[in-house]
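> Each chain, letter by letter, is given below.
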Amino acid sequence: MSKLGNERKNNLGPSQLSDVNQPLLTVNHITVGFQHNGNINKAVNDVSFQIKEGEILGMAGESGSGKTITALTIMGLLSKEASVLGGSILFDGKDLFRLKPEEFRKIKGNQISMIFQEPMTSLNPVMTVGYQTEEMLLLHENQLKQAERKRKTLAALKEAGLKDTETLYYQYPHQLSGGMRQRVMIAMAMICKPKLLIADEPTTALDVTIQAQILGLIQKMNQEYGTSVLFISHDLAVIKNTCTRAFVMQEGEIAEEGTVRDLFNGPKKAYTKKLMAAIPDLSSRKTGFPFSDPDAVQNGQAVLLSGKEKNILEVRNLHVFYEEKAKKLFSKKTRKQVVNNVSLTISQGEILGIVGESGSGKSSLAKAVVGLIDSKTGEVILNEERPQMVFQDPYGSLNPAKKVGWILEEPLKLAGGYSQRERKSKVLKILNEVGLPDEYTERYLSQLSGGQRQRVAIGASLIRNSKFIVLDEPVSALDVTVQARILELLKKLQKEYDLSYLFISHDLKVIYQMCDRVCVMYQGEIVETAFVEELFRKPVHPYSKKLLEAVL
Amino acid sequence: MKYFIRKLSSLILTLLLVSIFLFISFQVIPGDSAAASLGTSATKETVEALREELGLNRNVFVRYFSWLGNALCGDFGISAQYNMPVSLLLKERMPVTLWLAVLSIALIIIISIPLGIQSAKKEGGVSDRVITFLTHTAMAVPPFFLGIIITLVFGLILKWFIPGRYISYSENPGQFLGYMIFPAIAIAIPKTAMTIKFLRSSVIRQLKLDYVRTARSKGNQENVILYRHVLKNAFIPVITFIAMVIADVLAGSIIIEQLFSLPGMGRMLVTAISNRDFSVVQAIVIYIAAVVVVINFLVDIIYRCIDPRVRV
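Those sequence lines, one after another, are chains A and B.
Our numbering numbers the first residue of the first sequence as 1 and each following residue consecutively.
Our numbering numbers the first residue of the second sequence as 1001 and each following residue consecutively.
It cannot be assumed that every hint is accurate.
Unchecked claim - Sample of chain A residues at the chain B side, in silico, Cβ under 10 Å:
id, residue
1, 76
2, 121
3, 125
To be verified - Derived pair list, reagent style DSS-like, types lysine-lysine, alpha-carbon separation capped at 25 Å:
id, chain 1, residue 1, chain 2, residue 2
4, A, 100, B, 1121
5, A, 150, A, 220
6, A, 100, B, 1208
7, B, 1208, A, 80
8, B, 1208, A, 106
Keep in mind the hints are simulated off the structure, nothing from the lab.
Glycine included, every Cβ here is placed at the ideal spot set by N, Cα and C.
All chains should be modelled from the sequences, with the hints used to inform the complete structure.
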């Protein structure tokens, strides 16, 4: 099978594909709207595109640009609130909007299938993995005998790169990691060998090394079975690597389309240019750190220790533990080590990055540094009485029922010693500093976008003139253009106030753009510390190499 | 199996702690059953004599263990008020409360499950709006008023039963059930309404989750999605709720028993408390505690069967 696929790939280049093959899916001027207070908000407006047989077509765009709505329209999965206002979708010669529900149902899963962004929630928690996969066969190939069904299910799971499928068959989703669950979703989506696979941000929720594996798997399925793929992602680098042709969505409309090569080399529309510019670029880096002249640097650590600047943070032999809940009434609590013998220093005005995958102990390290975790041994010497922390999720980490002014004022109230007028003027000053207008003091957090909320969080961390801030994945939850602006703000503030950051991210590109030095964390330990350029030029530890390879 | 034994031992431990706590708290309350049964006119000497006779002067540990030992054999002492063994009293009263409970629980489950599912299935539709209106009304009416209305409508106007004419099971089982169904309805209505509301919101919450979208993308029919994928998930929180309702009903309803002149445990508890008939009060409190603990035990077992995430 795979031999055939390879030949096919070699024979047909991207440009030939579009010439030779007939369109499998034709989306004609579809418009989808949501009813809102008697008005109709158009989420997708006059969108047309075609997918040829055997092609991977990319759909890029920021959140809210209508990507997912377009995909759900094709699948016939729109919620009750949404309605199709016009257009048509032709799939394999059939008009999907005119099909009877029963006819459309037989196509779903069988000829068009879909994988979703959130592998953690996309599977039914109370059903075994085996049954959920096998359900596809029960629905679409019900002539199969039970033994045959199980055999096919196990084969599909195995093909999706899962091991020990006989055990897996009887396991439940909560027993699997995110990457494994996404593999199960792919096995499920591919078991009936559909003609079209819609992959809606299939790797966004996954760690970077897993991401590369899942993308490889989708490409393999495309090559082996000639399944066309509509590949949706906000991450342009992923699109570039996966697709031959792509289009960019902006506010429900197609902003630009073309081959991936053309889009990346010479974007024509202003919006596409802006998107491309917002991708953290590995070649253009502005840094203010005095030691980052590569000639003067032999070893990141050595130079720092001899540096004239004083250290704002020194961590020596830090171990952090989590107490696990006692399983029985009288049994002893067990401790799980999450950070193992970590030492690091940050000098005044330096940005130190910590990179690693989820579960590597990054956040536990950060929390231990600012004193949010007590269960630790080792030394943390902090030359800043008021270390501050900015968290990843700007939606969950700030009280949505409070006004911006209240949030910014709270640290001052807690500190005491400020008159009401002083507090107000400080709040206004910091608000301008983080780029929000004065009237935002009266806005509720729930009225703010993610980027604006993160600005408020940054403002709240700065309001008491702290010189040291821990930033825990501060831009991971944000769109790429917003992300670029927040990173810019952080850089500006750092220069202006001579701040030091402990900057945690899973995204090496962001680390590259922001940090002077970086520590690579793996399973609770720092496996490599280096200047950022050093790390990118010649990573030493095998895990660092693996991380860098996975960066697209 | 290990899990089962662990849960069972924690159940027994809980009941033991309740019994100790109960026994101690009755030692703290001033006035004992000797003083209570002899009344205010009794002299110190006669009270003292009765205390001696009832064994109230013995060491508190000795009394606790002798009480516990007897209780385990089904002997809860003598009721001072009725002057007969508490176990006989319970044997008489408990079936009334249990029958009432069984009837109302059956009504609650039979009515609320289909209506809750129907309401959620057609969220915002006519049937949903009718059901929601009825449940809100039913929840707003206090139980005693509901009892009065039922007596008025079914007893006085339709004459389906004679209010106040309780017929015991031993007299005539058919007529007993024919009478009991009306207080059962009075108990069931508000609790059914709450269960419908709870189940409805649980199903609606589940229907919005990602795994339902996945099930749709596979080409499942809506009914299959609801019954095969959603219900098991939706029932997880509802089971806890229904268990609380069942425990509440089994404890006996003082108001409804009073209103329909039923000789159940609820009424017995009220008179026992006002007459300081402590052995009866102790027995009933132990009964209620046992009901709650056993039901929680069953809920844990059921959870383990339907939710694989609990099996760790």
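> Under the constraints set out in the numbered hints, which ones does this structure not fulfil?
none
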